[in-house]
Amino acid sequence: MTTEIRQKIEKLASLSKTLENGDFLLTWKNDEPTLRAVLLGAQILEDLVKANISTRVFDTGLGISIFRDKSTRTRYAFRSGCNLLGLMTEEMDESTSQIAHGETVRETATMIGFLSEVIGIRDDMFLGEGHAYMKEVSHSLEESYREKALNHRPAVVNLQCDLDHPTQAMADLAHLADYYGGLDKLRGKKIAMTWAYSPSYGKPLSVPQGIVGLMTRFGMDVTLAHPEGYDLVDEPLEAARRFANESGGSFKQVGSMKEAFEGADIVYPKSWAPVAVMNERTRLLRARETAKLGELEKQALANNAKFKSWECTEDLMKGTKDGKALYMHCLPADVTDVSCKEGEVAKSVFERYRLDTYREAGHKPFVIASMILHTRFGKPWDVLKGLVDANKSRRPR
Amino acid sequence: MTTEIRQKIEKLASLSKTLENGDFLLTWKNDEPTLRAVLLGAQILEDLVKANISTRVFDTGLGISIFRDKSTRTRYAFRSGCNLLGLMTEEMDESTSQIAHGETVRETATMIGFLSEVIGIRDDMFLGEGHAYMKEVSHSLEESYREKALNHRPAVVNLQCDLDHPTQAMADLAHLADYYGGLDKLRGKKIAMTWAYSPSYGKPLSVPQGIVGLMTRFGMDVTLAHPEGYDLVDEPLEAARRFANESGGSFKQVGSMKEAFEGADIVYPKSWAPVAVMNERTRLLRARETAKLGELEKQALANNAKFKSWECTEDLMKGTKDGKALYMHCLPADVTDVSCKEGEVAKSVFERYRLDTYREAGHKPFVIASMILHTRFGKPWDVLKGLVDANKSRRPR
Amino acid sequence: MTTEIRQKIEKLASLSKTLENGDFLLTWKNDEPTLRAVLLGAQILEDLVKANISTRVFDTGLGISIFRDKSTRTRYAFRSGCNLLGLMTEEMDESTSQIAHGETVRETATMIGFLSEVIGIRDDMFLGEGHAYMKEVSHSLEESYREKALNHRPAVVNLQCDLDHPTQAMADLAHLADYYGGLDKLRGKKIAMTWAYSPSYGKPLSVPQGIVGLMTRFGMDVTLAHPEGYDLVDEPLEAARRFANESGGSFKQVGSMKEAFEGADIVYPKSWAPVAVMNERTRLLRARETAKLGELEKQALANNAKFKSWECTEDLMKGTKDGKALYMHCLPADVTDVSCKEGEVAKSVFERYRLDTYREAGHKPFVIASMILHTRFGKPWDVLKGLVDANKSRRPR
Numbered sequence: 531m532t533t534e535i536r537q538k539i540e541k542l543a544s545l546s547k548t549l550e551n552g553d554f555l556l557t558w559k560n561d562e563p564t565l566r567a568v569l570l571g572a573q574i575l576e577d578l579v580k581a582n583i584s585t586r587v588f589d590t591g592l593g594i595s596i597f598r599d600k601s602t603r604t605r606y607a608f609r610s611g612c613n614l615l616g617l618m619t620e621e622m623d624e625s626t627s628q629i630a631h632g633e634t635v636r637e638t639a640t641m642i643g644f645l646s647e648v649i650g651i652r653d654d655m656f657l658g659e660g661h662a663y664m665k666e667v668s669h670s671l672e673e674s675y676r677e678k679a680l681n682h683r684p685a686v687v688n689l690q691c692d693l694d695h696p697t698q699a700m701a702d703l704a705h706l707a708d709y710y711g712g713l714d715k716l717r718g719k720k721i722a723m724t725w726a727y728s729p730s731y732g733k734p735l736s737v738p739q740g741i742v743g744l745m746t747r748f749g750m751d752v753t754l755a756h757p758e759g760y761d762l763v764d765e766p767l768e769a770a771r772r773f774a775n776e777s778g779g780s781f782k783q784v785g786s787m788k789e790a791f792e793g794a795d796i797v798y799p800k801s802w803a804p805v806a807v808m809n810e811r812t813r814l815l816r817a818r819e820t821a822k823l824g825e826l827e828k829q830a831l832a833n834n835a836k837f838k839s840w841e842c843t844e845d846l847m848k849g850t851k852d853g854k855a856l857y858m859h860c861l862p863a864d865v866t867d868v869s870c871k872e873g874e875v876a877k878s879v880f881e882r883y884r885l886d887t888y889r890e891a892g893h894k895p896f897v898i899a900s901m902i903l904h905t906r907f908g909k910p911w912d913v914l915k916g917l918v919d920a921n922k923s924r925r926p927r
Numbered sequence: 531m532t533t534e535i536r537q538k539i540e541k542l543a544s545l546s547k548t549l550e551n552g553d554f555l556l557t558w559k560n561d562e563p564t565l566r567a568v569l570l571g572a573q574i575l576e577d578l579v580k581a582n583i584s585t586r587v588f589d590t591g592l593g594i595s596i597f598r599d600k601s602t603r604t605r606y607a608f609r610s611g612c613n614l615l616g617l618m619t620e621e622m623d624e625s626t627s628q629i630a631h632g633e634t635v636r637e638t639a640t641m642i643g644f645l646s647e648v649i650g651i652r653d654d655m656f657l658g659e660g661h662a663y664m665k666e667v668s669h670s671l672e673e674s675y676r677e678k679a680l681n682h683r684p685a686v687v688n689l690q691c692d693l694d695h696p697t698q699a700m701a702d703l704a705h706l707a708d709y710y711g712g713l714d715k716l717r718g719k720k721i722a723m724t725w726a727y728s729p730s731y732g733k734p735l736s737v738p739q740g741i742v743g744l745m746t747r748f749g750m751d752v753t754l755a756h757p758e759g760y761d762l763v764d765e766p767l768e769a770a771r772r773f774a775n776e777s778g779g780s781f782k783q784v785g786s787m788k789e790a791f792e793g794a795d796i797v798y799p800k801s802w803a804p805v806a807v808m809n810e811r812t813r814l815l816r817a818r819e820t821a822k823l824g825e826l827e828k829q830a831l832a833n834n835a836k837f838k839s840w841e842c843t844e845d846l847m848k849g850t851k852d853g854k855a856l857y858m859h860c861l862p863a864d865v866t867d868v869s870c871k872e873g874e875v876a877k878s879v880f881e882r883y884r885l886d887t888y889r890e891a892g893h894k895p896f897v898i899a900s901m902i903l904h905t906r907f908g909k910p911w912d913v914l915k916g917l918v919d920a921n922k923s924r925r926p927r
Numbered sequence: 531m532t533t534e535i536r537q538k539i540e541k542l543a544s545l546s547k548t549l550e551n552g553d554f555l556l557t558w559k560n561d562e563p564t565l566r567a568v569l570l571g572a573q574i575l576e577d578l579v580k581a582n583i584s585t586r587v588f589d590t591g592l593g594i595s596i597f598r599d600k601s602t603r604t605r606y607a608f609r610s611g612c613n614l615l616g617l618m619t620e621e622m623d624e625s626t627s628q629i630a631h632g633e634t635v636r637e638t639a640t641m642i643g644f645l646s647e648v649i650g651i652r653d654d655m656f657l658g659e660g661h662a663y664m665k666e667v668s669h670s671l672e673e674s675y676r677e678k679a680l681n682h683r684p685a686v687v688n689l690q691c692d693l694d695h696p697t698q699a700m701a702d703l704a705h706l707a708d709y710y711g712g713l714d715k716l717r718g719k720k721i722a723m724t725w726a727y728s729p730s731y732g733k734p735l736s737v738p739q740g741i742v743g744l745m746t747r748f749g750m751d752v753t754l755a756h757p758e759g760y761d762l763v764d765e766p767l768e769a770a771r772r773f774a775n776e777s778g779g780s781f782k783q784v785g786s787m788k789e790a791f792e793g794a795d796i797v798y799p800k801s802w803a804p805v806a807v808m809n810e811r812t813r814l815l816r817a818r819e820t821a822k823l824g825e826l827e828k829q830a831l832a833n834n835a836k837f838k839s840w841e842c843t844e845d846l847m848k849g850t851k852d853g854k855a856l857y858m859h860c861l862p863a864d865v866t867d868v869s870c871k872e873g874e875v876a877k878s879v880f881e882r883y884r885l886d887t888y889r890e891a892g893h894k895p896f897v898i899a900s901m902i903l904h905t906r907f908g909k910p911w912d913v914l915k916g917l918v919d920a921n922k923s924r925r926p927r
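Protein chains in written order, with the working numbering: chain A, 531 to 927; chain B, 531 to 927; chain C, 531 to 927.
Extracted from the complex, chain A is given alone in its bound form:
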């Protein structure tokens, strides 16, 4: 096992990529070798845990999380990823503190940065806001580090914003690499990222955006499908087109789940909100027009209801490659007859792939830990090599 791990570390060193003193915010702002490096780093960390070799890199230090939306999976993945490396985590609870926009974002970023290696942020509720907020935190840390108010430069890791959900998309990519036996095996595989009906409204757009913006980079044939009006924002779509072109893959958009599923190796059916609804919701929330918010929800749900046929059924699955496409989901899924009456996916389909979705999620803590390693060290491969050399047990056998 150790020999294999050492080989992977050498490969990582040969990529020679680091994000030292930077952040991990959007996959499409990073070059492909960097993404490969982060993924390989995650894999090495998984191998180390399986080999019971300690991955503790920091003797002390903090990882801070800020969640501006509910979260189980990502919150836990962030804490696990930090803990893997030896960081104690703390959640900045905005209700017991005084974080706000304006002056104090800048200030608070530094206040929580003094002894922190990483600040993980989820801010996905409002289009046009989440990424901007993360940039503001990042710039504040940058300034305080430059001006020696901070001894070091904590990294910002995007735990889901309005544009991207990179820890999810990278964990999904790790799952595919694992499932097919390597990143290079993904070339020519067809993945269908499609909208699906859900009895709720207002789910973020960042998952489908993250998927099309990432999977197009590895030679995959990516098909996006959604009902009219459920468009994604431009930036990741443009990135997807550009990447497909560069990687020899493809990116196309179609108008039905059925068409998208045709011959697909992988399907990713998931609900999201129409851009227009999200924009209006942001406007109403800012203006505190709560009465109109209820009205908007009613209309949005009524509109959603027109597309109940966008459900990943056994029938639709039959149209995929050999009828056996791999089903993916970021969880929790709206499963028909399980978590709701009519949802994104039929019970029997979900149940068949349920444990696969758990395995998919299982990569996230390692992806996050690898992002921390790559943003906090100039030579992450040397840090990993140091762990193998030390060969300290993670726990007694």
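Possibly wrong hints are sitting among the right ones.
Derived list of chain C stretches under chain B, where covered just means 3 residues or more per stretch with a C-beta under 8 Å from a C-beta of chain B [said to hold, decoys possible]:
no. : region
1   : 637 to 645
2   : 675 to 685
3   : 878 to 888
Think of the hints as simulated: they come from the structure by calculation, not from any bench. Every value quoted in this text rests on a predicted model; they were computed, and no experiment measured them. The beta carbon of each residue, even a glycine, is placed where N, CA and C say it ideally should be.
Starting from the known structure of chain A, arrange chains B and C on it as the hints suggest.
Leaving out everything else, chains B and C in the frame of chain A:
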């Protein structure tokens, strides 16, 4: 000191008991040597702390807690127990996540299990639910481990359910063993577990159930007393009768505190709710009939008020063995003229034993840590021996 | 670097001051060498972090915080300070537990003390209460330790009470020592601690009290200024007068910001509430007279509004020493045209010193860690020497 600790570890090895890859849910589902092993493990951990020898077993790893009811003592004890072994703790706050019954219990169990060694759960509010919920979490972890969605099998530790409060009962047992100089000195000792009046209603039944289900195993004479209608559930009562029979102790029920106290070496007066009230409460809560809940509370309090004479007074204490029975309580107690006007125990009685109740509580972190050791390792004695051999200081002297 | 650190440790040893098995509650109850020792300890810890030498002293152990008021900076500083030394932190959330006054303060102190090295408390809302509460916790820990219900004696560290805010004042002092090149360079420096207008009411008095009670000990010329009626409580004022006398500094009170700023080397303009308002507020809160609370707030705000001219403007800054006094603030400041329309300080003044206020805040985690070292060890210098000798990396380079 180290010699003595090594002897205890050898004794533990000779018991040769482990719960590897299992849970700790109900004391009465474990055989007696296993309980002796867990208790001895706790004692060894206490000795190590006193000898300033590090008890850190895990280099990294998480302990997750889920509290569905308020808690100070047990929450803190769980965190301390985890910390003792090197685990970072995290509380799963259901208000900021999406845990619920059905699909997501199964899912969430795995999501929080990826890098966790233990999941501690308190779910004691509804009769018929808490233990069932813990079993569901346990089965989900089991399945995910079997299907390789989890690399290891986190243990579930019961931090109080509707049936048992094993970390409390075991800490109480540790206190008695400490007080009388060993588990074997408990043979023939008379303990009175009695209901007591409290100005509140709806306290769980799990403490008295845990006490009668555990103390009967060590040859003690256990007497249970409560007003009519304040019965406990059958399972622990049947266990108590069976164990008393097997251990050469006894188990009987009487109708007054006075009779129960007669000649008792130990008294444990504590309020709990009538089964019928708890069942009706569960039904109303499920049906969301809040108006009727208020009515139920009123009736229950009125009924409680008939039994204000069930107070552990100096007068009643005089009837115990030499008038000097050891008073026990899981805390917080309703102390007359201190925390309420009329409560479970007279101020002077409580004050005399107050520091003893603190000592009683002090065993809980070690009991929990021992449960973690026994569920997570095949040879917990070897793990403990490794700590003594390493002889690392817990803190500088 | 290491040579310099060793020299500082020798100097610390020569002071030979420890607070072993005690608390850190009020600066003015400690002698001057002890304060110098705590400050030097903080400096050594900062040096160790900069030299990338591990400051981990505890292998396991807990630091508990209790916040009875909102906090970002101090909460984070406490957690960082604990983490620096290897302690896992936990916040005692009173809403999910049952802490209250009376019996349970005493009880809870012990319950959270079993494996804790330090309990940090913020209780600054009610005059006459915060310090008293901390003393009660301290006495309970003391009793339980004496009676062997606790194996050790956790320290209580004041994270802001009604009388003092010692972690802030000591961090401020560290900032000044850093800025001027040593504690001894502060002799003869003039500091103006002045009230300033804020659009809120009810800010604690502990910061100005902490400043006048501490800065007078190092030969500084301390001037306090506030509008009529905004007096501070007597204890710290008396201490300030006594210390000024002893140290060869001075302490005087004047009636305007302008007069206080005249020739000042340092200015500290900050809002606080009038004693009379705070007392009345405490009375009304205890009596649960919420209607009258609103009335009180209205009156207090109206009264505040009479003193809007108490703003630290460019014009007022011109009157300070060479027009270049160092501006200080505990943050967050009410900055005119940034966080409010009319506030404590003009935007351009604040912006010029903003990064200095960040540096000021950056000392707090180290001050707290030093307080823990001094309360938990008989020879903190030996503990620090042990760290330099071990020379373990804090993180890979």
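Handout entry: Enumerated hints in conflict with the structure, sorted upward
Key = Violated hint (a single one): 3; every other hint is consistent with the structure.
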